[in-house]
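**Q** Here the structure of chain A is known, so what remains is to put chain B in place on it, guided by the hints.
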Amino acid sequence: MTDAIVVEGVRKRYGDTHALDGLDLRVGRGTVHALLGPNGAGKTTLVRILSTLLRPDGGLVEVAGHDAVTRAREVRRRIGLLGQHAALDEELGGRQNLEMFGRLYHLGARHARVRAGELLERFGLADTGRKAVKRYSGGMRRRLDLAASLLTDPEVLFLDEPTTGLDPRGRAEVWAAVRSLVGGGTTVLLTTQYLEEADQLADRIAVLDRGRLVADGTADELKALAGGDRIDVVLRDGGQLGAAVALLPLAPAEVSVDVDRRLLSAPAAGRMKVLTGVLRALEDAGVEAEDVALRRPTLDEVFLHLTDDPAATPAKETV
Amino acid sequence: MTSYALNDSWTMTRRELAHWARQPAQVLVALVFPVMLLLMFGYLIGGGRGVDGEYLDFLVPGMFALTMVFGLEGTMLAVTQDLDKGVIDRFRSMPMADGAVLVGRSAADMLQSALGLAVLTAVAYVLGWRAHGTFGAFLGALGLLLLLRFAMLWIGILLALVAGKPEMVQAVQILVWPVGFLSNALAAPQSMPDWLGTVVEWNPLSQTATAVRDLFGAPGAETGHVWAAVAWPLALLAVFFPLAVRKFGALDE
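So the sequence lines, in the order shown, correspond to chains A and B. Going by this note's numbering, the first sequence opens with residue 1478, and the numbers climb by one from there. Going by this note's numbering, the second sequence opens with residue 67, and the numbers climb by one from there.
It is worth saying that the hints were derived from the structure and are not from the lab. A virtual CB, placed ideally from N, CA and C, is assigned to each residue, including glycine. Any given hint might turn out to be false.
Said to hold, decoys possible - Computed spacing ranges between beta-carbons, pair by pair: (1) 1604(A) - 202(B): 52 to 62 angstroms; (2) 1611(A) - 315(B): 21 to 31 angstroms; (3) 1591(A) - 94(B): 27 to 37 angstroms; (4) 109(B) - 1611(A): 36 to 46 angstroms; (5) 308(B) - 1546(A): 56 to 66 angstroms; (6) 1535(A) - 315(B): 44 to 54 angstroms.
As the list claims (entries may be wrong) - Derived, one-sided and incomplete: chain A residues facing chain B with beta-carbon distance under 7 angstroms: (7) 1508; (8) 1541; (9) 1546; (10) 1554; (11) 1558; (12) 1569; (13) 1572.
Next comes chain A alone, as it looks inside the complex:
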């Protein structure tokens, strides 16, 4: 069985900027794949190319078995797109929007009406009546947008930063909706700036930096790349930072020190063992800690690790 998305050597430049610089990516059918990266990494450019909105300068792009450049219409019949900005007619109501899009997907007037009703029900929008979308909350708008993307039960669904700008409740709503799709056989490609979001939703995570793929693997594999869990220790007295580095049961070379925040941070692969060791050593030496915490690596840390030397060409790390 072929992959749902095949990207080979795709390039796209805007003026002097290489938005995508020879990108390769494969997404298996029925999986959720996250594209993680900072602003300007090329995530949105890739989604726009995959959803036939943008033509690549070069390379191969296949979506649901069809070439996205030469057979755009075949691709369009098989995809759903949730862009960064709500792709809805703001003047019209939710039902009006869904019925219009349904007719444009050529479902036929009756089927479009039935499908609109089903989706409004499913996304908790059945009681919105004729209210114009511009009066919806951010979360409602996102759910309607998602409903519009699902009108035809697409084979491949693109979600471009689906929760950016939403409050925690709106984010939870969108996450729940995406989870409910998984298992239905839909392939999902999701872009995000949040490691947590990728972690929560995706089977695999691809990390993008300056238009190239710098890593591709499961969340655990990526975190392992960044050194796994970390321990943070905030001292009461910043003057004791140097002494603390020496006496704690940590490899001094791996400890990073932030003087302003009176913070020590180090890898803590052993988790509880490291935590108890650190607490005991602090107490024995009489060094007062304000806060001690175990945490997962942040996106920044994964990212800094993966793009360690900005001067060098980022090598692709396949894990």
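**A** Frame of chain A, contents of chain B only:
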């Protein structure tokens, strides 16, 4: 997939009609504005420089043509507003017929302009204006006006696609007004300095206004301009229609 072209264009036209139903006030303002202009120029400013005979016979066809040209702004505003919203991305990522978005836009705008002409005609009638020609000539005049509007529509679409943002419409408005008034819509070119009169006579708006006066049988109207009033809009369409369609297809590339 061309079998869907009509279907999709109709869906997009219905979308525009649904907008009207949502905002009747906006439609009303668009219909009332030319009426206000007619009343203003007919009575308040009391122009008619260089015009022989009844000023209404001269002014009403001019106002009709001017209204068609000003329609460009409405088209441009609507298209830029659509582009500014994400909804265009959804349309473009769907398997709908190419051009259905633009066809829907033009159908709705032409309908609005036809309605505008009907209202303006009714008001002019109340004011005492009469078409003196045959009914066939009357319909021909309306056809010429709508043809001019159709040409303006595609210029508006292209300008909107080039400008991209609703804020840019203001810049175009500044350009549309002189084009609208540098015509024989309100005053006869004979009353103007020679160079200006020449510019004014070449203005496509003037050609349509003159032809429409002729078809309405306005006393003292110049004859023989009907072909120019057909040729000018067709020439504009031949240039701007393909440019607009191409620009729309190439959005974002």
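**Q** With reference to the structure, classify each hint as holding or not holding.
**A** Now the hints, each set against the structure:
1. At roughly 55 angstroms, the beta carbons of residue 1604(A) and residue 202(B) sit within the given window of 52 to 62 angstroms.
2. Hint check: residue 1611(A) to residue 315(B), Cβ distance near 29 angstroms, so the stated range 21 to 31 angstroms holds.
3. Restraint check, residue 1591(A) to residue 94(B): a C-beta distance of roughly 36 angstroms satisfies the suggested window 27 to 37 angstroms.
4. Between residue 109(B) and residue 1611(A) the beta carbons are some 40 angstroms apart, a value that agrees with the proposed interval 36 to 46 angstroms.
5. The hinted range of 56 to 66 angstroms is not satisfied by residue 308(B) and residue 1546(A), whose Cβ atoms lie roughly 23 angstroms apart.
6. Between residue 1535(A) and residue 315(B) the CB atoms are about 20 angstroms apart, so this pair departs from the stated range of 44 to 54 angstroms.
7. Checking residue 1508(A) against chain B: minimum C-beta separation of about 21 angstroms lies over 7 angstroms; hint violated.
8. Hint on residue 1541(A) is violated. Least Cβ distance to chain B is approximately 12 angstroms, over the 7 angstroms limit.
9. Violation of the interface hint for residue 1546(A) is found here, the shortest Cβ-Cβ separation to chain B being roughly 11 angstroms, above the 7 angstroms cut-off.
10. Hint on residue 1554(A) holds. Least Cβ distance to chain B is approximately 5 angstroms, under the 7 angstroms limit.
11. Proximity of residue 1558(A) to chain B holds as hinted, the smallest CB-CB distance being about 5 angstroms (cut-off 7 angstroms).
12. Given the 7 angstroms rule on beta carbons, the hint for residue 1569(A) holds: about 6 angstroms separates it from the nearest Cβ of chain B.
13. Residue-level restraint check for residue 1572(A) is violated (minimum Cβ-Cβ distance to chain B is 11 angstroms; threshold 7 angstroms).
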